[in-house]
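Sequences listed follow chains L and R, in order. Straight run, no breaks: the first sequence in numbering that gives the first Met the number 0 ends on number 263. Straight run, no breaks: the second sequence in numbering that gives the first Met the number 0 ends on number 291.
Quick caveat, the hints were computed from the structure, so don't treat them as lab data. Do not take every clue at face value.
Coverage of chain L stretches by chain R, computed from C-beta distances (three or more under 8 Å per stretch; other residues unrestricted) [claimed, not checked]:
| hint | segment |
| --- | --- |
| 1 | 76-87 |
| 2 | 112-119 |
| 3 | 122-132 |
| 4 | 228-239 |
Footprint (simulated), chain L over chain R, 3 or more residues, beta carbon under 8 Å [claimed, not checked]:
| hint | segment |
| --- | --- |
| 5 | 171-180 |
| 6 | 193-206 |
Derived lysine-lysine pairs resembling DSS-like cross-links, with alpha carbons at most 30 Å apart [what the hints assert, rightly or not]:
| hint | chain 1 | residue 1 | chain 2 | residue 2 |
| --- | --- | --- | --- | --- |
| 7 | L | Lys73 | R | Lys181 |
| 8 | R | Lys145 | R | Lys246 |
| 9 | L | Lys168 | R | Lys181 |
| 10 | R | Lys145 | L | Lys130 |
| 11 | R | Lys145 | L | Lys168 |
| 12 | L | Lys130 | L | Lys20 |
| 13 | L | Lys130 | R | Lys246 |
| 14 | L | Lys130 | L | Lys168 |
Here the structure is a predicted model, which is why all the values come from computation and not from measurement. Cβ atoms here follow ideal geometry from the backbone N, Cα and C, with glycine treated the same way.
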Amino acid sequence: MTGVLEARNIVKTFIVRREGKPHELRAVGDVSLSVAPGEIVGLVGESGSGKTTVSRIMIGIERATSGTVTYNGKPVETRADWRALRRSVQYVFQDPFTALCPTMRIGDALAEPLIIHNMCPRGEVPGRVTKMLETVGLHPDVARRMPNQLSGGQRQRVNLARALMLEPKALICDEIVSGLDVSIQAQVLRLLVELQERLGLSLIFISHDLRIVRYLSSRVLVMYLGQIVEQGPTEAVFDNPQHDYTRALLAAIPDHSRVLAGAA
Amino acid sequence: MALTDPIILANLRPGLFRRLRVNLALGTGAALFGVMVLSAVLAPLLAPAAPTTVDLTAVRLPPSAEHLFGTDPVGRDLFSRVLYGGQVSLLVAGAGMVGSLLLGTLMGMLGAFGSFWVRAVVDRAIDIQLAFPYVLLAIAITSAVKPSIPVLILLMVLAAWAGAARVVRSIALQERGKDYVKAADVIGASPFRIAMFHVFPSVVPSLVVLAAMQMAAMIVFEATLSFLGMGVQPPTPSWGGIMLDGKNYITSSWWLTALPGLAIVLTSLSLVLIGDGLQTRRDALRSREGDA
């Protein structure tokens, strides 16, 4: 299976100084990950396992120490390549409270990607913003608000809307619901699935919540200490975990029976 | 619930007190500054005499009904001179403030968003500027070129831009690390766009506070340079220059130095009060926004 977006043998090391001596800290060691057209891939693992680092490398917010990111089979290397990649791949940040510019109205924040990339004539911009707000289930009046006038769930819808303004082919979602109330989580996830189906998006969904990953993804990768320790179709990994860490993760879910019921 | 309920009072009092205090500082400062500016602007109407009219029959008269602030060593009416001097002092200080904020903002943003080398150069320039005694700088420049008002303003900009640049740079650096800047990068915004439309608006509230504080410093700076003879040149009156004229009579004719000095103190005090009030208000707004 060839992926739309693919990461090959990604390694990321940080140099940290301990007692004056430089040490190499390996945050991500040799991770490969791909997502096919219209596929939802789940990436699970505990905090600090390197999930976010991998995802940020795949959109170019961070650079890999070694390894390549490819898009449609072509390696992404130069600045121009990354710019082109970001026309088709977008990213939704974890924290809805810091990902929106605090001094910019929602309408302007949503219009910005259109204006930067000259997506449409200026006259059409407000109409597109309104349409996108409706798509993510927000009232068009929200365009006039400032971010601090919105709730976490509303802000995360705005972040999602902003990423979708460029009509991307693939979307990377980094723990996008972990900062939200459980009731709001369900709404945002339902919206995400609905949009994914409607737009045929490829989705990399990062979470430490196995229940969510099971509900969403068709394929799952388990990360532990910067390595992928297990991967495969969601059902297979969840029903018959091979790696000890995956078993430990599954056993740590508070109510195992509810997970099985929720998946059905 | 009873009006004296302790919980309600505890909740209400600090906020109310805080607001009153802010309004008090801002209000007093603004009123005082307003009076100083207005009296300078209206000098032609308020002044009993022209600021340069010499009357050698009325030399060094103490304050009286006829000469509100007394007269100077060549018999010029001191009240008129202080009023007209205010025009010069406020104008020069204002121009110096605006200039130093513009240069400081530009350098501060470059120091946060420039390439590696640009950042390094800006950093060093700020350090050198802050370590360099401005009076020394003033002596160097005024000994090379004839002192005049444009030179004075240039001097003030040179002396004060670094403070503004440091404030702007530190805020911009702090904002630059936040997710919304990365998000803007991901949607394709250029560094210039990020600096202008995303980060700069967060710097503005601090710039407003800085403007008031900087203006206060500029008033004192202009007075210092003029007092040292490196600023506004006679016979044009400025507050520092008027004090210089009275320096030799400081023991016998106190009003020659004390009254223009009072104008300097009151003006800078009013600006510090405004700056303080604005700062408290900015912090209150920021905490209400609730962003970390």
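Legend entry - chain R covers the segment 228-239 of chain L, three or more CB atoms within 8 Å, holds or violated: violated (count 0)
Inset, instruction - Verify the coverage statement for the segment 193-206 of chain R against chain L, using a C-beta to C-beta distance below 8 Å and requiring 3 or more qualifying residues. - result: holds (count 4)
Legend entry - Satisfaction of hint between Lys20 of chain L and Lys130 of chain L, Cα-Cα up to 30 Å: 55 Å, violated
Inset, instruction - Between the segment 122-132 of chain L and chain R, see if three or more residues pass the 8 Å beta-carbon test, and mark the coverage as holds or violated. - result: violated (count 0)
Inset, instruction - Please work out if Lys130 of chain L and Lys168 of chain L have their alpha carbons no farther apart than 30 Å. - result: 19 Å, holds
Legend entry - Agreement of Lys145 of chain R and Lys168 of chain L with the hint, judged by alpha carbon distance not exceeding 30 Å: Roughly 67 Å separates the two Cα atoms, so the pair is violated.
Legend entry - 8 Å C-beta test of the segment 112-119 of chain L against chain R, three or more residues: holds (count 3)
Legend entry - Cβ contact check, 8 Å cutoff: the segment 76-87 of chain L against chain R, three residues minimum: holds (count 3)
Inset, instruction - Below or equal to 30 Å on CA atoms is what counts here, so check Lys145 of chain R against Lys246 of chain R. - result: Answer holds: Lys145 of chain R to Lys246 of chain R is near 23 Å, not above 30 Å.
Inset, instruction - Please count how many residues of the segment 171-180 of chain R have a CB within 8 Å of a CB from chain L and say whether that reaches 3. - result: holds (count 3)
Legend entry - Holds or violated: Lys145 of chain R to Lys130 of chain L, with C-alpha atoms at most 30 Å apart: 65 Å, violated
Inset, instruction - Measure nothing beyond the straight line between the CA atoms of Lys168 of chain L and Lys181 of chain R; if it is 30 Å or shorter, mark the hint as holding. - result: Answer holds: Lys168 of chain L to Lys181 of chain R is near 20 Å, not above 30 Å.
Hints 3, 4, 10, 11, 12 and 13 from the earlier list are contradicted by this structure; the remaining hints agree with it.
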